[in-house]
Every structure is written in structure tokens, then in C-alpha cells.
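Engineer: Start from the sequences, fold in the hints, and give me the full structure.
There are 4 protein chains.
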Amino acid sequence: MIRLLFIGDVYGKPGRRVLTAHLPGVRDQFDFVIANAENAAGGFGLNTESAKALFKAGVDCITLGNHTWGNREVFAWLDDERVLRPINYPLGTAGKGFSTFEVKGERLTVVNAMGRVFMEALDDPFAVMNTLLEREDLGSIFLDFHAEATSEKAAMGYFLDGRVAAVVGTHTHIATADARILPKGTGYQTDAGMTGPLESVIGADPEGPIGRFLLRTPHRYVVAESRAQLNGVVLEVENNRTLRIARYEYTEPH
Amino acid sequence: MIRLLFIGDVYGKPGRRVLTAHLPGVRDQFDFVIANAENAAGGFGLNTESAKALFKAGVDCITLGNHTWGNREVFAWLDDERVLRPINYPLGTAGKGFSTFEVKGERLTVVNAMGRVFMEALDDPFAVMNTLLEREDLGSIFLDFHAEATSEKAAMGYFLDGRVAAVVGTHTHIATADARILPKGTGYQTDAGMTGPLESVIGADPEGPIGRFLLRTPHRYVVAESRAQLNGVVLEVENNRTLRIARYEYTEPH
Amino acid sequence: MIRLLFIGDVYGKPGRRVLTAHLPGVRDQFDFVIANAENAAGGFGLNTESAKALFKAGVDCITLGNHTWGNREVFAWLDDERVLRPINYPLGTAGKGFSTFEVKGERLTVVNAMGRVFMEALDDPFAVMNTLLEREDLGSIFLDFHAEATSEKAAMGYFLDGRVAAVVGTHTHIATADARILPKGTGYQTDAGMTGPLESVIGADPEGPIGRFLLRTPHRYVVAESRAQLNGVVLEVENNRTLRIARYEYTEPH
Amino acid sequence: MIRLLFIGDVYGKPGRRVLTAHLPGVRDQFDFVIANAENAAGGFGLNTESAKALFKAGVDCITLGNHTWGNREVFAWLDDERVLRPINYPLGTAGKGFSTFEVKGERLTVVNAMGRVFMEALDDPFAVMNTLLEREDLGSIFLDFHAEATSEKAAMGYFLDGRVAAVVGTHTHIATADARILPKGTGYQTDAGMTGPLESVIGADPEGPIGRFLLRTPHRYVVAESRAQLNGVVLEVENNRTLRIARYEYTEPH
Ligand SMILES: [Fe+2]
Ligand SMILES: [Fe+2]
Ligand SMILES: [Fe+2]
Ligand SMILES: [Fe+2]
Ligand SMILES: [Fe+2]
Ligand SMILES: [Fe+2]
Ligand SMILES: [Fe+2]
Ligand SMILES: [Fe+2]
Chain A
14 MIRLLFIGDV YGKPGRRVLT AHLPGVRDQF DFVIANAENA AGGFGLNTES
64 AKALFKAGVD CITLGNHTWG NREVFAWLDD ERVLRPINYP LGTAGKGFST
114 FEVKGERLTV VNAMGRVFME ALDDPFAVMN TLLEREDLGS IFLDFHAEAT
164 SEKAAMGYFL DGRVAAVVGT HTHIATADAR ILPKGTGYQT DAGMTGPLES
214 VIGADPEGPI GRFLLRTPHR YVVAESRAQL NGVVLEVENN RTLRIARYEY
264 TEPH
Chain B
14 MIRLLFIGDV YGKPGRRVLT AHLPGVRDQF DFVIANAENA AGGFGLNTES
64 AKALFKAGVD CITLGNHTWG NREVFAWLDD ERVLRPINYP LGTAGKGFST
114 FEVKGERLTV VNAMGRVFME ALDDPFAVMN TLLEREDLGS IFLDFHAEAT
164 SEKAAMGYFL DGRVAAVVGT HTHIATADAR ILPKGTGYQT DAGMTGPLES
214 VIGADPEGPI GRFLLRTPHR YVVAESRAQL NGVVLEVENN RTLRIARYEY
264 TEPH
Chain C
14 MIRLLFIGDV YGKPGRRVLT AHLPGVRDQF DFVIANAENA AGGFGLNTES
64 AKALFKAGVD CITLGNHTWG NREVFAWLDD ERVLRPINYP LGTAGKGFST
114 FEVKGERLTV VNAMGRVFME ALDDPFAVMN TLLEREDLGS IFLDFHAEAT
164 SEKAAMGYFL DGRVAAVVGT HTHIATADAR ILPKGTGYQT DAGMTGPLES
214 VIGADPEGPI GRFLLRTPHR YVVAESRAQL NGVVLEVENN RTLRIARYEY
264 TEPH
Chain D
14 MIRLLFIGDV YGKPGRRVLT AHLPGVRDQF DFVIANAENA AGGFGLNTES
64 AKALFKAGVD CITLGNHTWG NREVFAWLDD ERVLRPINYP LGTAGKGFST
114 FEVKGERLTV VNAMGRVFME ALDDPFAVMN TLLEREDLGS IFLDFHAEAT
164 SEKAAMGYFL DGRVAAVVGT HTHIATADAR ILPKGTGYQT DAGMTGPLES
214 VIGADPEGPI GRFLLRTPHR YVVAESRAQL NGVVLEVENN RTLRIARYEY
264 TEPH
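Just so you know, the protein sequences line up as chains A, B, C and D, in that order. Each residue of the first sequence is one higher than the one before, counting from 14 in this note's numbering. Each residue of the second sequence is one higher than the one before, counting from 14 in this note's numbering. Each residue of the third sequence is one higher than the one before, counting from 14 in this note's numbering. Each residue of the fourth sequence is one higher than the one before, counting from 14 in this note's numbering.
Please keep in mind that the hints were generated in silico from the structure rather than gathered at the bench. Among the clues, some could well be false.
One copy or two, either will do: identical chains are not told apart, so a pair holds if it fits within one copy or between any two.
[To be verified] Here are the simulated SDA-like cross-link-like pairs (lysine to any residue), alpha carbons at most 20 Å apart as the crow flies: (1) Lys109 - Ala140; (2) Lys69 - Lys109; (3) Lys197 - Glu238; (4) Lys117 - Asp73; (5) Lys26 - Asp218; (6) Lys197 - Pro219; (7) Lys26 - Asn60.
Structural biologist: Take a look at the structure:
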């Protein structure tokens, strides 16, 4: 049995701050830690400073999303076995979408995929998952499904139910309250939520987004400054199924 | 102080079943009950049978959303003081978007509005709320903000913080785990979730949506048959602020 | 040299009327006639009556688009060598996306593909065309690229320039005035336009769409009744290049 | 009778080059010249250099679009009576959406509006036009309707037919071949096309957009270098109706 912690989209300095302060103290409760870091570098992408900070704090694997290309320093990391971008980018894209790790003598494959509803027209994530699952020796499979629409995320959950250990969503930056085990044993939560400033519009100071919604002209978005919250999901995984799944939340004190 | 129960999108027969079975037994714990019923009639809109069933079970006010027009019988209900469609439909649209009730000697105004990100281009919900709030005698204001994007919902929360009692989202059919009181006293939760079949893709049997995602050709969507879950939010409201907010969830037993 | 006539989206009865009345009289000026018929059956899809009428009037090959599935009778025609649906529907979809014909002793391959910008998330049409072009014996290739955005259509034109005989767009229902031969010899026109009622909103009586834009509630769309216009493109094709390309337009008299 | 020339989206240096070289020589054939210049400054917005060059070459009025805010220098021009941004930006937006000119003793009102289908959620352009048309003394009205979808543009044409002199579309950068007078006397063309590099993907060198479509990662877009084409529409306007409308096209020689 592998005890996994999956940490939702790490957003800017507040996200890195709460993660690097909190994770080391609880790291030994988990066998493996995955973090979505598509917003780690000031809200846009992954840079070297952020990658190093996350790995140092105890993260074992980094996943990304639509903001993969937001910071050019990501190209120095896309060949690292521990860094994944969505698997359904077209053939010829830098980086890779899955990686298999050895954890406590068991195999654990982490996959990152991206949805298409209200998002970029990548390759079909359902078809790509079908192809991936033809491989052997993947062990237990954890999918970070970075997607906007709840319908696409839930459909992916049932599509993979009984075929992977877990499907957990990211991208909306708001944790959902639906952690559960699907009928055939796959752990599922629609969205892990964000690891970043609590008082914010999905990470940004509300002033920018509100101005944008009201006036429809460009407004500067800045990372919100408030106490931060770490949002994640804890899973106990065995034989490519989930035995237990629960939300994990830590908020910086006032 | 008004004790409010807000019930998320009631979906088809399973949604009506769990609501009508559960609500009467707990109705006296609340002073006022609001239910979003845009999916009450087989997933699409509101019909007379559903409206009557909900009111009989103890619902005091019905809100709707993008599925308002899904069933023609809704037109028989749009003049009812207890039935609201999104307020930001253009001038000339049947129905109304807010209604003021007398609850325990206090005024309570319920508003229904719809977001525009990834949705229909209605009038600007932010501007419409500004206009509405110029009125006097609205008392405490509860907004059901029916929207897709977490950014638009969070922006509305902060936009109205300190100006309304509560902003609770609907439409995604998945409850979010972020119920809280914003800095200036407004209760907020990004999405109340759905009241409908638990094992489903936002209400539908997974087979239809999965087929649609895989093949991109039309597939029949049917209401999922599984035990149902009621998802809601409980709020204690006073002087146009929220004193307490918490998720409310009831699942039919196996 | 093959003299081709490509006829833009045939829309409802007015479209069939102008095509069946006009085409037989000019049919002998062309070696091969292709018609996009995705709107032939009352605006939505292809039915048996329409297919038979078009073939009888002199059409040699029918292409489709996003409305392929609008009429169930299409399934009786998808195995016909002369009927194509967009090639980039996922594997497993009924029908096929290209067909090779023998015309005056030369090979002519007609392809139908669909864009993704502002449309359904099909497989990548650029990648699919790359794969198709690895085949031998396709002869001269004509692509009906059914797409919304001018950027995607123009990009496809340059992407295939020198590799296919012609790329002509459909779907917007408005003919563009940019017929020309691209630098490497591929004939190109952004959109062939519609074959249907002239006084209409892309085929429909204006009352429906105007009501819809003003009120955002459902409005009935009916096929406009007005004199019809046939919109097409004439091409002279040889050795997988275009020697001449020009718009073709015929309008019913008052 | 006013003889109008409307020039489609001026794109970057090639667009300014063909306009400033060609317009002065034909300027005396027209009473008034309007140019959409939303892409004048390197493809994005309007800067001082571009504005001055256009006015000097004989342009009387500049309209904009979704790229209005692409260059900060535009703010120096938004108070100029000759510079218009889309009228349906929300209240409080800098600039204005219409301006009335005195031409040969007659009044001519130029309006700029933006569509919402596949675009930013501005205020409803149909409702805003209704409001504008309640004003008196507008004289003959010319609308540059900057919109993506042919359905929205055609609907606007019929909506305003008999109420304005002309509705001409912009934004797609490809001229349409449908210039005509609608049943009640309003001149109409779905899109005026672009004034910019002919061999391009709506202005950009094809390499950038093709790379973007193939790989879905960011690609640098550069203004295409090729001979340029001026696309426009000529109209003869009287008493708020159009007497004659025709496409106007000039291409730089090889
Ligand atoms: Fe994110
Ligand atoms: Fe994301
Ligand atoms: Fe709903
Ligand atoms: Fe909804
Ligand atoms: Fe069509
Ligand atoms: Fe189409
Ligand atoms: Fe433009
Ligand atoms: Fe534009």
C-alpha cells in the first residue's frame, strides 16, 4: 500500500511559502508526494527556483497544465523524470506526460492529462489514456486530470474506473467536496483545489479580475497577498485501486 | 437571524425523490428554503409536477439557470413570486430575477443571476447587481450565482462582499469545499453541488457522456439511476451578512 | 486537366431547388462536381431524398461537416463511396473522410475535414492531413475544409500549399472574395459560401436569429423563403496543383 | 449623396504602406474615408505613428475592435472626435463608439460595434444599437460591425435594415463576396477584409500560426512580409440608405 499526497495547483509565492513551510513537517506520513505546479512561478508556469524549492520540501513528482509554457525555464526541467506536462499534447511536444516510480517496492505511474472542454484543442485525453493503458508494468496509476468542466472530469473518472488507481482533477483552483471511491475501485475527486492565497480570485488579487469583468479592458493581475491555504488529497493506493481517499487542507494561521 | 437552506440543482426524478423524502423531516430546522430547480424536469428545466412537488416538500423559493427554458411548462410559473430566473436576461424576457420575502419579520431578497464565462452572452451580471443594489428595502440578500467558471464566481463574491448576505454558486453540479465568510461579512461557496444521482456525470448516466467524449457524435443522455444525494448550504443570515455558513449533504442509504 | 465545380453548403429546400434547376444545364462544362450537403435536409444534415436529388442533378461527390449527424438517414449513405464526413472524427466513427475517383483517366481524391477553432474538439486536422498525405496514388487532392475561423482555414491553406491541388473552406455560409493560387500552386478560397436562400441569416429566416440575439431565449429557426443563390468555386486541376480558380455564383431571377 | 470608402482592418507596416501609397491618389473620388485600424500598430492596436499616417493619407475616421487596447498609445487618441472604439463596451470605458460628421452639408454618423459570438462578453450590440437609434440628427448611419460569426453579422444587417445606411463587417480579415443592398435599403457586406500582407494567415507570417496549430505551444507571430492588399467597400449613401455598394480592392504590384 502506497500512501500518497497530491497537492493542488501551487500558485506563486504564497503557494510556495505554505508548501515549503508545511510539507517537511508531515512528509513522513506519506510515501509519495505529487504537486501540480503549473502556477508556481508568479502564477504562470514553472521556473527553476520553484522546482528546486518544491523538490527540496519533499515533493517527488511535479505535474503541470495549460500554464506549462508560461515560463521559459520549464524547458530545463521537461527532461527530468519527475516533471510531467499533459500527455495529450501532440507528438513532437517537448517533455512527457507520464513517469513510473518505484515506491516501497511497488510501481506507481503518475500521469498528467488535460481536458478539452472550454480549453485548448489538444489530442483526445480519453483516447490517449486508452493507448497508455495498453502498456504493462505501469503498476498503480494516478492521473492528474487538468480540466475545466465538471462533466469532462466526471466522465474521465467513470471511463477509467477499475482501470487506474485514482483520477483527481486540477485547474479550477477550488477544491471540490466529492472525494469518493467509484464503483469499480478508482479514487476520485473533481478538483484538488489550489495551494495559494486564500483571499483571492483563483490566486489573483480580486481587484484585477473584478476590474476586468466590469470594464472588459485589460487589467493587471497580481498575486494576492493573504494567508495561504494548501489544498490536497490523501490517497491509500494498492494494486491499482484506491482504498481510502480524503481531502487534505492546511491554512496558514492569522 | 434567518436560518436558510439553499439546495443545489435538483436533477430529474432522483433529485426530486431525495428532496421530497428528506426535506420535510428537517424543514423545521430552517426558516426559509431555496432550491435551484433548473434540472428538475428530467434534467431540463422546470415543469408543473416538479414545481408542485418541491413547494409541497417545503421549498419556499425556486431559482433557475441556463436550463430555464428547457421545459415549456415553466411559463406557467414565471409569474409566481416564488420562482426566479436569472436576472440578467435582457429586458423583455418573461419572468423576473429577484423576489423579496418576509421571513420572521425580516426582509429577505433572493436573487438569481447567471455568469457569462463559457456561457450565454446575457447582460453583465456585475452591472446588473450594481443596479439592483441601489434599491432600498431589499433586506438581507441571497444570490444564487449560476456560473461555470470559478474565477467569475469568486470575483462576484468579492465584488459583493459587504453588500449582500451571501453569494452561493450553482451550475457545475459538484459541491465545492470552500464555504466561508469573506472579509466584509458575505457568506460564500463557489458551488452548492447537485441534488441528484450520485453515480453520474453531473446527473446523466456515464454511458452517454463517455460515448460523446470518445466519438463526438450525438449520444442519448439519460438520467442516471443510482441512490441520490442532496447537496446544499446552510446559512445563518442577519442584517445582510452571514454569521455562519456550512455545507449540507444528505445521501440516500444503500 | 480536371475541371471541377465545388458547390458550397446546400441549405434546405431553396438550396436543393436552385441546385437541381441550375446544375443540369451547366453540368457538361465540368468533369467533376462536389457539393457540401451538410444542411441539405431542412438545414440539418443529409437525408435520402436530398442525396438522391443531388446525385441525380449531376453531383459526383457529397461532403458534410458539423451537421453530419443532423438527420438519421445519413447512416444509409455513409458507406457510399461518394459520401464523405469530416476525416478527423475519431477512430470508430461511421463513414469515411476521403474517397478517390477516376476522372478522365486521372485520379482525384476528395477529402473532407473539420476545423477545431470555435468548433467541436475532433482530432487535429493538420496531423490527420499529414498522415493522409503519406499515402500514394491519391492523385490530385481536393480538400473541403469545414471550419469557422479564417485563421485556421488560411493556416491549412499554407500548410498544404504544394502538397494538395486545392483547399476550399465551407461552414460560414458566406462566400469569400479571396480565390487565388498560393505560392506553391495550391488553389485556395476561404469559404465557398452557401447554396440556399439569399435573404436569410446563413439560411434561416432572420426573425429567428434576431429574436435569439435580442432575448437569448429559444426561438424557432425556419428555412428562409426567398430566391436562392448557388455559391461555388470552379477549379482547373492538374498534377495535384490548381491552374485556375474562380468563384461561381448563380442567383435565381426575381 | 455621400461617396464613402470604408477600408478593412489595417494590419501592421504592410497595411500602412499600401494605404498611404494608394489612398492619396484616389482620395478625391470619395467624400469620406473610414478605416478600421485595430491592427495598425504591428498587428495590435493603434499607436500615434499609425494614427497620424492614416489621417495624413486621407482617412477621416478610424474605427477599432477587440484589439483596441493592444497599444497604450491609443489612450492619447480616444478623445479625438475621429477615433471610435466599439460602442458596446460597458459604461465607464474610455473613448466613445460613434461620432457625427458634416459631409457635403449632410450628416454622417459612423458607429463601431463589436459582436459577442466567439468574442468578449460586451454589452448586447443589438440593444445598444436600438438605444443609439432613438437619437435624432444622426443623419446617415454607417456601422462597422466588428464580429467573428457570419450569423451575428447577417442578423445585425437585417435587424438594422431600413434603419441605417449601411452595415459592413470587419474582424475576420477576409473580404466576403456578398456586397448587396438589403430589402429595405441598407447596404451590407459581411466583412470588408484586411488591408495588409496578402501572403499571410490573417496578417501573420504563416509559420507562427501553423506551428501553433500543430504543436499547441506558444509560437512567435510576426507580421508577414509580402506585397500588401488594400480591401475596402465603396458606398453611395443618401438619406440613411445605400444606393450602391461594391467591394474595393487594390494589390501592390509584384
Ligand atoms: Fe492552475
Ligand atoms: Fe490550469
Ligand atoms: Fe444545473
Ligand atoms: Fe446550469
Ligand atoms: Fe453549413
Ligand atoms: Fe457547418
Ligand atoms: Fe482585425
Ligand atoms: Fe478584430
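Engineer: A separate judgement is required for each hint: does it hold in the structure or not?
Structural biologist: Hints, one by one, checked against the model:
1. In this assembly of identical chains, the alpha carbons of Lys109 and Ala140 lie at most 20 Å apart whether taken from the same copy (16 Å) or from different copies (19 Å).
2. Taking the shortest Cα distances, Lys69 and Lys109 never come within 20 Å of each other, neither inside one copy (22 Å) nor across copies (53 Å).
3. Taking identical chains as interchangeable, the C-alpha atoms of Lys197 and Glu238 lie at most 20 Å apart only when they sit on different chains, with a minimum of 17 Å there against 42 Å within one chain.
4. Within a single copy, Lys117 and Asp73 get their C-alpha atoms as close as 13 Å, which meets the 20 Å cut-off; across copies the closest is 56 Å, which misses it.
5. For the identical chains of this complex, Lys26 and Asp218 are intra-copy neighbours only, at 13 Å inside a copy versus 38 Å across copies, given an alpha-carbon limit of 20 Å.
6. In this assembly of identical chains, the alpha carbons of Lys197 and Pro219 lie at most 20 Å apart only when taken from different copies (13 Å versus 41 Å within one copy).
7. In this assembly of identical chains, the alpha carbons of Lys26 and Asn60 lie at most 20 Å apart only when taken from the same copy (12 Å versus 36 Å across copies).
Comparing the model with each numbered hint stated earlier shows that hint 2 is the single one that does not hold.
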